[in-house]
Amino acid sequence: MRQPLRWPWLDFDVDDVAAPAIAVRVDVTETRAEVPEHWHRKGQLVFALGGGVTCRVPGGLWMVPPHCGVWIPGGMRHSNIATANARIFFVYIEPGAADLPDRCCTLLISPLLRELIIELSECAPDEPRCDFLGKVMLAELPRMPVQQLHLPISAEPRLRRIAEALADHPADRSTLAEWADRVALSESSLARLIVKETGLSFGRWRQQLHLIVALRELSSGASVQQVSGDLGYESVTAFITMFKKALGKPPAKYLSDITQNGGSAFLA
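Here the sequence shown is numbered in UniProt numbering, starting from 1 and rising by one per residue.
Just so you know, these hints were derived from the structure itself, not from any lab.
Here the structure is a predicted model, which is why all the values come from computation and not from measurement.
Possibly wrong hints are sitting among the right ones.
[Unchecked claim] Below, a list of computed lysine to aspartate or glutamate pairs in the EDC-like style, where the Cα atoms sit at most 20 angstroms apart: (1) Lys-135 to Glu-164; (2) Lys-253 to Glu-197; (3) Lys-135 to Glu-234; (4) Lys-135 to Asp-99; (5) Lys-135 to Glu-156; (6) Lys-245 to Asp-257; (7) Lys-244 to Glu-234; (8) Lys-196 to Glu-217; (9) Lys-196 to Glu-156.
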């Protein structure tokens, strides 16, 4: 059962703070936590130093593994789900304060930017040190590479139903024909609809979901064996093969490189 994600401050609206950038740290307890759908006037960067966060926006599902952050432009509705024991930083940025995309995206977080965010979260918005840190951070952030760690989710009702079902039960191995029967479409019609709405085949779309779930769970400490089983793979070898083909490295090496290199593994 998911618990509400509780903030370290009360009666505080980030949109009322005039500082160009402020950061807040939230430590999640042993239970998975969730921030229900909401929006801000300010843009928001969601950064996980430990554990993982998944952000849902109207057009997709975005993964926030360690050493990456998801950028959510101001005014966009979203919800955040954090793994147990995650260490999360929310950075709120005034519109126009940095040259950032006008769309939701996953950004690599460099070691320098990581330290700036941590320091920014430890000072009050009206401190001179906070102003300095914010300016340096806003200069560094637009330089971060965009990473392809998201699942396109269409607003089309039948596809959204499938996406939500697979997100809740990623081990579901129903075939395209079986899904087509559930949403009252022919197999060929559903296949065309998925490609039209997401740009991916059904198999590639489901694989992308599996990668997102795998990274989230592996980042929170789950074993490769456990994740493989949770995703419905017949063997650990099959899961590792899929992971390596998609991301270039087996899971253990991929996560090890992230930890050792401060995120540069995502550039491979």
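Results of checking the hints against the structure:
1. A threshold of 20 angstroms between alpha carbons decides the hint, and for Lys-135 with Glu-164 the separation of about 39 angstroms lies outside it, so the pair is violated.
2. Straight-line distance between C-alpha atoms of Lys-253 and Glu-197 comes to about 33 angstroms, which puts the hinted pair past the 20 angstroms bound.
3. Among the hinted pairs, Lys-135 with Glu-234 is inconsistent with the structure: their alpha-carbon atoms are about 50 angstroms apart, more than 20 angstroms.
4. Simply put, Lys-135 and Asp-99 have alpha-carbon atoms about 13 angstroms apart, close enough for the 20 angstroms limit, and the pair holds.
5. For a cut-off of 20 angstroms, the pair hint linking Lys-135 to Glu-156 is broken: about 41 angstroms separates their Cα positions.
6. Annotation: proposed proximity of Lys-245 to Asp-257 holds, straight-line Cα distance about 17 angstroms (limit 20 angstroms).
7. Distance restraint check for Lys-244 and Glu-234: the Cα-Cα separation of roughly 16 angstroms lies within the 20 angstroms cut-off, and the hinted pair is therefore satisfied.
8. At most 20 angstroms may separate the alpha-carbon atoms for a hinted pair to count; Lys-196 and Glu-217 exceed this at roughly 30 angstroms.
9. A threshold of 20 angstroms between alpha carbons decides the hint, and for Lys-196 with Glu-156 the separation of about 11 angstroms falls inside it, so the pair holds.
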